[in-house]
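Student: Protein chains in written order, with our numbering: chain A, 44 to 398; chain B, 5 to 322; chain C, -17 to 364.
Treat the hints with care, since some could be wrong.
Listed next, the stretches of chain B that the computed footprint assigns to chain C, with coverage defined by at least 3 CB atoms under 8 angstroms from CB atoms of chain C [stated by the list, open to error]:
{"#": "1", "region": "207 to 221"}
{"#": "2", "region": "231 to 240"}
Below, in silico cross-link-like pairs of lysine to aspartate or glutamate (EDC-like), each with a Cα-Cα straight-line distance of 16 angstroms or less [said to hold, decoys possible]:
{"#": "3", "chain 1": "A", "residue 1": "Lys330", "chain 2": "C", "residue 2": "Asp269"}
{"#": "4", "chain 1": "B", "residue 1": "Lys220", "chain 2": "C", "residue 2": "Asp269"}
{"#": "5", "chain 1": "A", "residue 1": "Lys191", "chain 2": "A", "residue 2": "Glu181"}
{"#": "6", "chain 1": "C", "residue 1": "Lys224", "chain 2": "A", "residue 2": "Glu181"}
{"#": "7", "chain 1": "C", "residue 1": "Lys83", "chain 2": "B", "residue 2": "Asp214"}
{"#": "8", "chain 1": "A", "residue 1": "Lys330", "chain 2": "C", "residue 2": "Asp264"}
{"#": "9", "chain 1": "A", "residue 1": "Lys204", "chain 2": "A", "residue 2": "Glu238"}
{"#": "10", "chain 1": "C", "residue 1": "Lys224", "chain 2": "C", "residue 2": "Glu329"}
In short, the hints are calculated from the structure, not lab data.
None of the values given here were measured: they were computed from a predicted structure.
All C-beta atoms in this analysis are idealised placements derived from N, C-alpha and C, irrespective of residue type, glycine included.
Take a look at the letters that make up each chain.
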Amino acid sequence: MSIIDNTGKTATVPAPRDGDDYNGPLLEVRDLHVEFHTRDGVAKAVNGVNYSVNAGETLAVLGESGSGKSVTAQAIMGILDMPPGKIPQGEIFFRGEDMLKMSYEERRKIRGRKIAMIFQDALSSLNPVLTVGYQLGEMYRVHHGLSKKEAKAKAIELMDKVKIPAAAARVNDYPHQFSGGMRQRIMIAMALALEPDLIIADEPTTALDVTVQAQVMDLLAELQREYNMGLILITHDLGVVADVADKIAVMYAGRIVETAPVHELYKRPAHPYTRGLLDSIPRLDQKGQELYAIKGLPPNLLRVPTGCAFNPRCPKAEDICRTEIPALAPVAEQDGTELPGRGSACHFWKETIHG
Amino acid sequence: MPDVTKTAAEAVEDAIAPPSAAEPAPQPKAEKARSLWGDAWVDLRRNPYFLVSSVLIFFLLLIAAFPSLFTSASPTVGDLVNHYLGKPELGKIGSEGWLGYDGQGRSVYARLIHGTRASVIVGICVTLIVTIIGGIMGMIAGYFGGIIDAVLSRVTDIFFGIPFLLGAMVVLQSFTERTIWVVVFALAFLGWTQITRVMRGAVITVKQADYVQAAKALGAGTGRILFRHILPNAMAPVIVVATIALGGYISAEATLSYLGLGLSSPIVSWGVDISTGVTQIRTAQHILLYPSIMLSITVLAFIMLGEAVRNALDPKLR
Amino acid sequence: MAELSKNGEAADATPNVTEVETVDAATEAEAVAAIEAPVGRGEPILQVRNLVKHFPLTQGILFKKQVGAVKAVDGVSFDLYQGETLGIVGESGCGKSTVAKLLMTLERATAGEVFYKGQDITKLSGRALKAVRRNIQMVFQDPYTSLNPRMTVGDIIGEPFDIHPEVAPKGDRRRKVQELLDVVGLNPEYINRYPHQFSGGQRQRIGIARGLALNPEIIICDEPVSALDVSVQAQVINLMEKLQDEFNLSYVFIAHDLSIVRHISDRVGVMYLGKMAEIGTDTQIYDHPTHPYTQALLSAVPVPDPEAREGRERIILTGDVPSPANPPSGCRFRTRCWKAEEKCSTEVPLLAIPERFQGQDTPAAHESACHFAEEKDVIHAA
């Protein structure tokens, strides 16, 4: 059984190349493991994650708290706290080069300039004692050596870009003078400043209200198209994902349990966890009966169940699920034709998707 | 919506924290009830700082309570024959003269042992008084707020502006006879506002917690809310500050005695000995040296204990 | 009991001048008796009239002077019927959590009344207030802060019995607590554990057990599942529905998640900037909304179904919610509304059945505070 990446192709090592003739995936994570050494033992937060993102593509990483979705992103950014964190195994290729083998300096150059990150809590990600214009302009002063005046002009330009009304008038305001939605726009502007190839957005709209959420997601999608960036959207919200993602990777207990193009996942989930999640969400457009509820609780990362981590909560679990970890295998139609881009880490994916 | 404000690492912590109910059968009894205090205790016992400091403090308390267990020599009566004799005789550790004698031929060792009591009494009594008074004041200010809080806060601000030792000197000046209790009073009088500030802050934080609101919603009275919900959750920072302050009070007593404003002969205390030791520093350094060492060790022990307790109680680690 | 005005307008609210603070023992006993009397199914159990809460903004250190007020709740009226679930939705800052606190008398109302079985609870104190608190309980949003970390689960769930000893005799309490743990789906052997030994979903169950302990009639739920993981939310929602049937509870369910509110609620009220914009049955609000804010809110909800999504009309509002310290004149939504006209800035729209729908037997005929109310389906694919 081969490990597949999100495009559904069997993985080949991308040849590292320089310059613009590189045409492999923008980012490829391979067999990534992350552990945290706590006083109660070793918590296995990420246990062999594989995914890839191309330029102009949006990958949504969906999971609950403790699924390892944010830890994976931190490992990619190189902002994981080590210790207690540790990466015992795995590779993270950015444009064909393994970032985990790079020197600190090389990584630092990629961070911010090539890969940028947007966090959930914009208020704590911005420095409260500096004006927004200064913080936006800092990127240009440090990386491009612009003068203060030029940097401020650039900052206003960026604020216009993320549709902050009256940008020129507000450039000297401090972060707390902006509303939650506007602060998140400033975060996006900051991430965009150096025109990165890849943006990682970790729950970018979770803290925002529904009406503002829609504005911010739309903006993000629009800018992504304009700059042809790769976007990794980390979220727990199945609704937000449905709006903007091209493909989805569902994580559970530090593993990817299912990958699929966005439309397919909602229509025909191939993993009992995904199916359970979809069934447990009430509908907006009609009043339903009793909700389906996945029984039990997310696993304790210090004591991940043997075999498939989902087995204690799974309605389909059998003996094999308790002993053997299912690999992320390609998913096929009943007649055997492979479904492109789809994978499921379930021993009984056939029954799940077809039955 | 999970972890609105948590970082990924904290989310991982969360995922570690709860017992996995997804596996109920194998280990229902394995996980016992662990209170936060119990957890802190487990943590403390593993902390080498705590072990070292608690052994030191245990001996200090033992010496203070039963000085006669450690020496039979008198700290106040000396034999002038031994005037200024002073070389540590390691072969005779614990004997009357192994740390030498002072100008009046009294055993330095015996004075060290008997002087412990004064320091320990001052430290513990001042700490107890400031914790009780400061704690009550802080609770009142923090919980009731309004005008009471405004007045109390300004009072603590005023005290905060008075240099601690200078204030103690002024208070002590107004007493003709300065016993241990006078020193305790002077230090406590100036020290309670520190605890008040800490307690007030902690109470204000805890007061807003949902579980306090929940208790109010149940119809709980003020007493129950204060003593069952707020106090147990606001106590941790007070304990830490009080423990560290205890060392400070001991050194304050020594400082005041050194300046001639605290205790004085015939009361035996390290501060008194340091004070006399300084005048004879050229001829007999050991009179200054040993009480200084004891004082430093004692203060260090309480500060280490405070740090260890802080680490164990820090909610961020849970 | 005063004649209840059905009117939602703040200006109309004449403050109740009857001084009930100094009730004598007889009237207090009367109030307690009224509070303890049963209410029939479908009868109004809670009637909220022109409820107002302003938080003063002050300046100064020792002598504070008021410089303004945050109008968190500014004239809200609704009824809660026995046995039903009333959902209240709105964005942050709309005042829905303040409404919860006012209903719980955790905050004192600036003006307006909350009638519980005919007794205005905003004016009660002492024994009568305690009796009310027994009957109105609350489930909090954050299961991590709503349980005292220094108390065992048994003490937390048993505390209501300590405060109201008449509910359970002393020897009976441990058994009662274990029963409650069982009712909310937790192992009764967990009684001696501490909150930090449980996960979020389990803690929320403990919070629910505490709310149930006194056998209340009304439970105010303030975002009870929004801090939980998706896979655990459904468990808690199902539990709450089961308990409602079992114990004949009435819920006020406050949340920002519109799908969950629809699922659990019989009627829904939509709040915006301290006022009720629209209120009606779940079908009326979700399938036949007439207030532009409700329509915008519903259309913005991300739906986990990309195909349904593509057929839907989306209304993207511009700008943010204005500050409740300085709300717009007239209709509060006008600054973000695409229909706003001159009239909207001068005249406060009343919460009433819009004139054009009055007397009609259509689902659009429900209370909506808009001058230009108009039905528009935004959640079904065209």
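Student: Give a verdict on every hint.
Tutor: Right, here's what the structure says about each hint:
| no. | hint | verdict |
| --- | --- | --- |
| 1 | 207 to 221 | holds (count 8) |
| 2 | 231 to 240 | holds (count 4) |
| 3 | Lys330(A) - Asp269(C) | 10 angstroms, holds |
| 4 | Lys220(B) - Asp269(C) | 39 angstroms, violated |
| 5 | Lys191(A) - Glu181(A) | 9 angstroms, holds |
| 6 | Lys224(C) - Glu181(A) | 56 angstroms, violated |
| 7 | Lys83(C) - Asp214(B) | 11 angstroms, holds |
| 8 | Lys330(A) - Asp264(C) | 8 angstroms, holds |
| 9 | Lys204(A) - Glu238(A) | 12 angstroms, holds |
| 10 | Lys224(C) - Glu329(C) | 44 angstroms, violated |
The structure fails to meet hints 4, 6, 10 from the earlier list, while all remaining hints are met.
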